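Engineer: Each chain, written out:
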Amino acid sequence: MTTPFRMAAAAAMACALSLPALAETAPENTDPIVINAGELELPTAVPPPAHLDGAVPEIYSGWLFRDAATQVMQTDDFQNPGMIFVDQGITEWNTVEGAAEKSCASCHEDISVAMKGLRATTPKVNKDGVLWSVEDYVNDCRVNRMEAEALDWNGDRMKNLTAAISMQSRGMPVDVAIDGPAQPFWEQGKEMYYTRYGQLELSCSNCHEDHYGDWIRADHLSQGQTNGFPVYRLKDAGLVSQHNRFRGCVRDTRAETFAIGSDEFRALELYVASRGNGLPVEGVSVRH
Amino acid sequence: MSRHAVFLAPAALMVMALAAPLAAETAPQDVVFDDFGSIAEPLSDTAGNAEQGAVVYVDRSTGNCVACHAIADRTDADFQGNIGPSLDGAGDRWTTEQLRGIVADAKRTFPESMMPSMYKTSGYIRPGDAFTGKAGTEPLPPLLTAQQIEDVVAYLATLKE
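Taken in sequence, the protein lines are chains A and B. According to the working numbering, numbering within the first sequence proceeds without interruption in unit steps and concludes at 288. According to the working numbering, numbering within the second sequence proceeds without interruption in unit steps and concludes at 1161.
Derived from the structure by calculation, the hints contain no laboratory data.
Simulated coverage check for chain B against chain A, where a stretch passes if three residues somewhere in it have a Cβ under 8 Å from a Cβ of chain A:
1) 1061–1068
2) 1075–1081
3) 1124–1136
If you want a taste of the chain A side facing chain B, the calculated C-beta under 8 Å gives, among others:
4) Thr195
5) Tyr197
6) Gln199
7) Trp215
8) Arg217
9) Arg254
10) Glu256
Straight-line alpha carbon distances no greater than 30 Å define the calculated DSS-like cross-link-like pairs of lysine-lysine that follow:
11) B:Lys1120 x B:Lys1134
12) B:Lys1160 x B:Lys1107
13) B:Lys1107 x B:Lys1120
14) B:Lys1120 x B:Lys1160
15) A:Lys190 x A:Lys116
16) B:Lys1134 x A:Lys235
17) A:Lys190 x B:Lys1134
18) A:Lys127 x A:Lys116
19) B:Lys1120 x A:Lys190
20) A:Lys190 x B:Lys1107
21) A:Lys116 x A:Lys102
22) A:Lys190 x A:Lys235
Please read these numbers as outputs of a predicted model, since none were measured by experiment. Where a beta carbon is used, it is the ideal one built from N, C-alpha and C, also for glycine.
Excised from the complex, chain B in its bound form (with noise of 0.2 Å):
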C-alpha cells in the first residue's frame, strides 16, 4: 500500500504537469493579497485578453457584473444594474494590482462589500451547488477561474475617461 503511494506519487505529478496547460495558476487559497486587498502578481501566466474580460463581463452564467454595474458603451447589454458604482474610469482611478484585488475578493478593499468574491472556494454559509437550491460541497468550484480574472482585469484596465 504505501510502497504504491510512493510509487504513484511522482507518477501522478508527471502526468498533472504533462496534462496540464502551460499556463501556471495560483489557487484560491494561495493567493497573497496586501492590507488594502490588492494583489501584486497575476493570477496565471497567461497576459489577459481584455476582449475575453469584456465577455465575461456580461455573461450571466460567469461574471455577472452587468447585475450590479454600468459601463456607458455596453449598449450590447440588455440591462445594466446599478448596486454598484457605474465603472466608467476605473481603469484611471485603480491600478491593475488593486483591480485584481477587487475583482477576486472585493471584500478585502472594501469590508462587507455586496460584491460576491469571485475567487474564493470556501467559508460559506449553506453553500449550494449553483442555483439549484441543493447543497454544494466546499471547496465549491471559484464563480471566475484564474484566468477569467485575468481578462476581466485587463477589460478593466482598459476604462479610461
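For reference, chain A alone in the conformation it holds in the complex (with noise of 0.2 Å):
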C-alpha cells in the first residue's frame, strides 16, 4: 500500500539503499492444532476473506506465532490452563440468579445445543438494529429474564460463562456478517484498524497486516486474529477478552485508549472478526 511512496523517499535520498519491503513474514509451517490426540484438527492458515482485498496472502492463527511449549499446551485438553475456566462457565451457566429464580440453563437447556455456533457469529446486529458481542446477549438475558444484575465485561463470572459459550463453537469457521445491518459497524471497525493512534502513530495494520511474523524487540507479532478468544494468557495467569486485548494494543501507542465495552471496541471486534473469516474459532486457546 505504501510500497510507492517508500520507492519515492528511497529514490529522492539517492543511494542504493535496501529499504525493507513490508516486511510480513509467512510463518515456518502451518502445522493444524491437533487437539486430544486427533480428536479434532483445527487449521492455522486458510485463505483471506474476498473483503481483504489481497492485503495478505493467508490469514494464519496467532497459535503459529507463539513457541513450541506454549503450543503444546492448547493440544490437549487437560493441559490447556483455560479449561478449568470453560468448566466454571459451565457451572455459572447452571446456577439460578436473580428475581425470577432462573439459570440460563432452565430457558436455554443443553449449552452444547443452545449455544452452538454463536461465538462464530458474533459480533452480530441484535433485532434492535444495535451491534451486540456475546457479552452484551449474556447481560440482556441475566437483566431482563433473570432479574439479576449485569456481569462486568471483564469480571472472571463473564469471561468464564463466554469462554464456555466459545466451546460450544470450537472447530466452527469465522463467519461474521459484514453487509446489510452490519455494515456501518464493520465499516466503522475498519476505519479504527488503520488509524494510527497515539503518540506513537500506530495502526493495527503497521502491527498486525505489514508486520505479523517479525519481532518487535522480544515479540513475535501475529495476524491479531481473535478466533482464539477468550484466550488464556501465561503473562496473566487468566482468561484475556478481545476487548481487553484491544485496550492493551491501543495503550501500547501511546495513545487514550477505548473503553472495554465500548461501541468503538465492539465495531473493532467485528471488523477484527471478519478479517478472520474461515479461521476456525479455537474455544480457549493459549498465549503468553
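Once you've looked at the hints, go ahead and assemble the two chains, each given alone in its own frame, into the complex.
Structural biologist: Quick look at the structure:
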C-alpha cells in the first residue's frame, strides 16, 4: 500500500538503500492444531476473506507465532489451563440467580446445543439494529430475563461464561456478517483498524498486517486474529477478553485507549473478526 | 494587571536565562527540515555524546530503538527487533544531517514510516499520557529530548562497516 511512497522517498534520498519491503513474514509451517491426540484438528492457515482484497496472502492463527511450549498446551484439553474456566462457566450456566429464580439452563437447556455456532457469528446486529457482542447477549438475559445484575464485561464470571460459550463453537469457521445492517459498524471498525493512534502513531495494520511474522523486540507479531478468544494468557495467568486485548494494544501506542465494552470496541471487534472469517473458533486458546 | 505583566515579563525572562542550562535547544516546533527530511543545524549547543546515545538506543523508556532495529555488536540488548532495517553501517549510508532528520521525525524522510517521530509534540490522534491509556494533553513531552537526539545521532554516526 505504501510501497510507491517508500520507493519515491528512497529514490529521492539517492543511494541504493536496501529499505525493507513491508516485511510480513509467513510462518515457518502451518500445521493444524491437533487436539486430544487427533480428536479434533483445527486448521491454522486458510485463504483470506474476499474483503481483504489481497492485503495478506493467507490468514493465520496466532497459535503459529507462539513458542513450542505454549503451542503444546493448546493441544490437550487437560493441559490447556483455560479449560478450568470453561468448567466454571458451565457451572455458572447452571446456577440459578436473580428474582426470576432461573439459570441460563432453565430456558436454554443444554449449552452444547443452545450456544453452538453463536461465537462464530458474533458480534452481530440484534433485532433492534444494535451491534452486540456475546457479552451483551449474556447481560441482556441476566438483566431482563433472570432479573439479576449485569456481569462486569471484564470480570471472571463473564469471561468464564464466554469461554464456555466459545467452546461450543470450537472448530466452526468464523463467519461474521459484514453487510446489510452490519455494514456501518464494519466500516467504523475498519476505519479504526487503519488509524494511527497515539504518540507512537501506530495502527493495528502497522503491526498485524504489515509486520506479522516479524519481531518487535521480544514479541513475535501475529496477525492479531481473535478466533482464539477468550484466550488463556500465560502472562496474566488467566483469561483475557477481546476488548481487554484491544485496550492493551491501543495503550501501547501511547494513546488514550477506548473503554472495554464501548461501541468503538464492538465495531473494532466485528471488523477484526471479519478479517478472520474462515479460521476456526479455537474455543479457549493459549497465548503468552 | 497590565503593568504587572509588563514588569514581570522581562523579570521572568531573566530568571529563565539564569536557570536554563548553558546549552540552548531548538524547540520541536522550530526545527527546520529540508525537502528530503534532513536537519542541518544541531538541536542542542552541546555536541552529541555517542556513549550516551548508545544507552538511549536500547533504553526501553526512552529511545527503545532496539524494539525495531538490530545492530550486530549490541549483544548487551536482550532482544533486538526486525521491523526496521539493521542499522549496521548507518553511519556510512547517511550524513549526520540526514540521521538527525530521521531520528527527529522519520516520516519526513520516509513518508508514512512506521518509525515513531521522536521530536514531535502535537498533531496526534487520541494522544495518551505515556503508557497509562489515559488522555494526554498536547503539547506532549517529545519522546526524546534535543540532547538525546544529538547523542543518538552521534552514536549512529559511529556505525561504520
